[in-house]
Every structure is written in structure tokens, then in C-alpha cells.
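Enquirer: Using the sequences provided together with the hints, build the complete structure.
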Amino acid sequence: MGIDIKLPIGIMFSIFGILLTFYGLFTNSNVLMYQKSFGININVYSGLVMLVFGLAMLLASWKTNKSASKK
Amino acid sequence: MDTSFTLSWIDYAIMIIYFVFVLGIGWALKRYMKDASAFLEAGRSMPAWVAGLAFISTNLGALEVMGMAGSGAKYGMLTTHFYWIGAIPAMVFLALFMMPFYYGSKARSVPEYLKLRFDEKTRGLNAILFGVMTILASGISMYALAILMERVLGWNFHVSLILSAAIVLGYTYLGGLSSAIYNEVLQFFIIVIGLLPIVFLSLHQVGGWTGLQHTLAPIATGQGFAADSYTTMWRHTGSALSNPMGVEWYGIFAGLGFVLSFGYWCTNFLIVQRAMSAHSPTAARNTPLIGALPKMFIPFLIIVPGIAALALMKTPGSGFSLPLNSAGQPIYDYTIIALLKQYLPAGVLGLGITALLASFMSGMAGNVSAFNTVWTYDIYQSYIRPITGNKASDDKHYLKVGRLATIFGVIVSIGAAYIASKFGNIMDFLQTIFSMINAPLFAVIFLGMFWKRSTGHAAFAGLLAGLIIALIHHGLTYPEGANTIVKGGWIYHLHSYRVEMAQNFWTAIYACSTSAFVTVTLSLLTKQKKSDADLSGLVYSLTPKLGKEDVAWYRRSTTLAILVLAIAAILTILFW
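Chains as they are written, first to last, in the working numbering: chain R, 1 to 71; chain W, 1001 to 1576.
Read the hints as simulated data drawn from the structure, not as lab findings. Some hints could be false.
Derived lysine-lysine pairs resembling DSS-like cross-links, with alpha carbons at most 27 Å apart [to be verified]:
(1) 36/R x 1074/W
(2) 1106/W x 36/R
(3) 1034/W x 1400/W
(4) 1106/W x 1527/W
(5) 1030/W x 66/R
(6) 36/R x 1314/W
(7) 1106/W x 1530/W
(8) 63/R x 1030/W
(9) 1074/W x 1314/W
(10) 1452/W x 1527/W
(11) 1106/W x 1396/W
(12) 1034/W x 1396/W
(13) 1074/W x 1487/W
Expert: Right, here's the structure in full:
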């Protein structure tokens, strides 16, 4: 049905990933905020996971696109 | 404890970005919606992995997530029975044995399969029951969403309801079933990634799986159960008295593993529709199998944090508690909410809340997109259009009808949500009743697919008899301690079950076996009006066998099915 869903998934999770990673880095000095998560900067970790996932989806989408245009 | 959250700008930003993408997908699909088939059947063009993820995502609604986590906090690892025994075998059966007929018959819906295989009245009965059921389900989940937004985010109930209905209407109206399916895939990923932080952090606090076992042992023995009864599945199911769930192994095996799960996974059009949207017969067969792979690991995402919540509740100084109801009992459905509040700082919190909102909305969208298909093809096209005297099949016309049905479905859902807010008990009752129509339906479809002698009159009578027996059983029995007629016993108090779940299992077992008995008996007494040629492609013995599937061995359905069953078996043994 026309669109390749991997592309919007990839873009969205890459945006989320970048957003959370930077937010996590900027708030890193806020000890009180990360007391909840036992001092673990959960925003940076989640952000990186999402960024990797988002980029993997973009790569997969790019590959699909390339093989489709070859045909 | 207080369940309200204070969100910061980053949380709102994540929420807004997500909904921009949701509506954007609908918008991007708009130009492909040229005919009714594109709108209502996704043009039968979905890749297997997309259909497969949508297949389980439809079932991974917020009510399911919140309910299963709560059930984990209540019953421990026994809740996993709803997955490994209560879903996987049925999904494999649907894939290998039923999809070839659903997909190959060219039926556009489950009711339409009943029409092709049996007759018009059987289709009519099923289509009407299904239509009413899906709209109610959609209304109930809208109501639950609005209540959650009111209590947790402090938003106005009416505004939340209208806003979420508008978003759902927006993307299903624009992109139809394709839009619903693509958004279910998006929702699947956001729910997995959004809940991972609480899995990680709650296990971190209790000291991992072994820490969890140690913390739960004194709790279990304190209640008179074996020390490991919250962290094992089958070991203590020899008697209903020796495990926290209060069920015994044959009840789980027959009630949950067979009747309820086959009834749900193999006949519910909401689910089957995802597999019917696949681009080829092989993809349609693979859809439930691809869905089964992540499905098996969902318990680690939602049940395990629930169990950790149970341990934390009983650990002094953990700072974790659940809100209490007026009777002083913890409200288990708030387990996930309480965990989000306990652990997540701004940022990931927005992600977690967005995941919950997303799963509520995709639940509604799923219901609406199944409703408009059944309405357009099984009710409008078969009963209403002929009355107007216009028999021409005009695809453009049905596209319009499908779109109007979408608007109509959303409006009626809003109405149902308001009824639920005024008369919650009635909605619970209706939901229990409608959960009963699937069990007899499975008996009828199963006989239809594998026994060519079963007839239309018999199928109709079987469906009706199963439903009536389910009602009677529900009216005569009640779970211990129930004080409302909603839970049963509204005719006479004949028998009581220890837990509500046991009552549900037995309702389904009686309904399914009655339906099978009536269908078989009447089939033998009535004449088969359909010739063998009519039934080709609809019945197992009259359908030419598929040749070898024309794909690499590792993509074949049988290979995938063996893999799925093997992983389910290993998981079961690990947590025996």
C-alpha cells in the first residue's frame, strides 16, 4: 500500500533518540531528578537505544528502496 | 497513594511528535484510498512482518497491558499462562490450518466466510453480534482512556474523550485499515521501548530474578502456598488450592489453552483481519507466526514488572505502593501507572505515557476498522443495499459507505463511552456476554472447515445454542464473594467457583461443547444443500493441497511454526 512504514518509524525513533539523549546529557547534573532511577541516567540510555533502533530502521528502509528502484 | 503526574515540556514534546506521526501516516495513505478494497481490506498488500506485528499489537491494547501487569502483581508468574499456553498454540493452529481457508476463500471478513461456507442467516447472526461487540469494546476503551487522562494527567474527561476520538477518526478516516495497521506497528515499537525502562529499573531494585524469588518466598509461604508459587507456572497447579490464581491444571489446559484461546485467536475478526490483509497466501499464513515470536516475550515486558511490584509492595522502605479502593484493597490495574510514577524521570516518563495513550488509541482504531468492514460488506451490502433496488456493485459507493461507517462507528463509541461512565456494571456485563460468543463460533467454524457434512441450519442453531448455554451457565453460577449480578448468578445460585477466572473457563467450555454437539447432531439430521464444488476452497478435504511453498525453507510456515513451538516449550520448561 504505497508507503514503506520503516521510513516513518526510523525518522520518529531517531528524533526521539536524539531528543532524549541530549535531554539526558543536559540534565545529567540534576542529582535529585535521577534519584528515582538510582542515579542511572535512564534518559541517555533509552535515547541511545532509540537512536540505534531508528537508524537501523532507516538503513533497512533505504535498502528496500534501493532494491525496489533496481527492479 | 497519589496517582497524578506532573509532566514537563519534554514529555509533552514526545507526545505531540508521536501524534504528528500517527496522523501523518494517515495523511500519506490518503491518496491510495481509491476503492473500497483499499480502504477496508488494505488492498491485500501488507508484508508479513507488518501484518504480524499489527496482529499482536491489536491485542496489546492498554487495557491488556494494565490488566496483565495487575494480574502479575496478583497471581505472579501464573499470569504467563495467558501467553504461552493461552495464545501460542491457537496462533500456530490459525496459521497452519485455518488461514488457508480464510485467505483462500476470498472472503473479506469472518462473517463472510460463514456466508460462503454455511448460509446467509449464520452470517447475519455473527455480523450483528460482532458489530455490536466491537463498538462496545471501542467505547469501553475510550472511556478507560479518558478516565486515565483525567486521573493521571489531570485533563478534563470530556476533552480527553473527544480529543482521542478525533485523533482515531482522523487517521482511520484518511487511511482506512492500512492506516490502522501501520499505526499498530508504530505502537508496538513504542510500547516495547517505552516500558523497557521500568522492567530494567524494577528488576534492578529487587535484585534481579533471583532477588525476586527470594523476596516472594516468605510472601507465598505466609499465604499457605509453596515458596516458589509466585515465580513458577505449572508446578503448583495440581490443586486449585495450592496456587495464588486458584485454578487447576486441567482448567488452564482445557479452558484457557483450548476453548478461550482458540475462540479468541482463531475466530475474532479484529485479529484475523490483520492476517487477511497480507499480500500472499504464504504471507497470510506467516502473519500469526511472526506475531507469535514477539508475543512469547511480552510477559517479560509487562508481567515481570507486575511481579516485581508485588515484591516491592511487601518490602518496607521500597517506597512503592498501589492506590487503594474504598474497601482498602490495592487497585491492581494501576500497577503499570504506579511503576511509571515510581521510577521514571521527565523524558522517559513522556515516552511511557505516550506508549499507554498510543495503545489505547490503536485499540479503538482496530475496533473501528473491523467494524466498518463488517458493516459495509456484511450488513450494508447484503441487507440494506438490495432494498434500495440498486443491485449494481459500485466500488466507489462502498468506499463512501465504509468512510461513513467509520464516522458512525466513532460517534457510537463515544456514546458507548458515556454509557460506560454512567453504568459501568452494565458494560462489564455486556463484555462478559460478548466474550461468550467466540467460544461457540470456534466450534462452528472448526466443524465448517474440517467436516464437509456440517450444514447451514446446524451452524446457525449451534451458534445460538452455544450463546444461550453460556448465558444460562453465567446466570446459574457465581464466583465466591461476588455481590453483583454482573458477575453471574442472576437466575439462581446453583454453583459457586473459587475465582471468577474459573467461572469464565467453564462458561466457555460449556458453550463450545454445546455448540459442537448441536452442530454435529443437526448436521446429520439436515440435508447438505451445498455441493462439493461449492465447498472447494472452504473445507479442508475438498480443497486441493497446496504444493510446496514457493519460498526459501526458512520462510516456510511449517519451519516458523516449529520454531515458535520450540521456543514456547523451552520457556515453559524454564519457568515450570
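Enquirer: Output the numbers, in ascending order, of every earlier hint that fails for this structure.
Expert: 2
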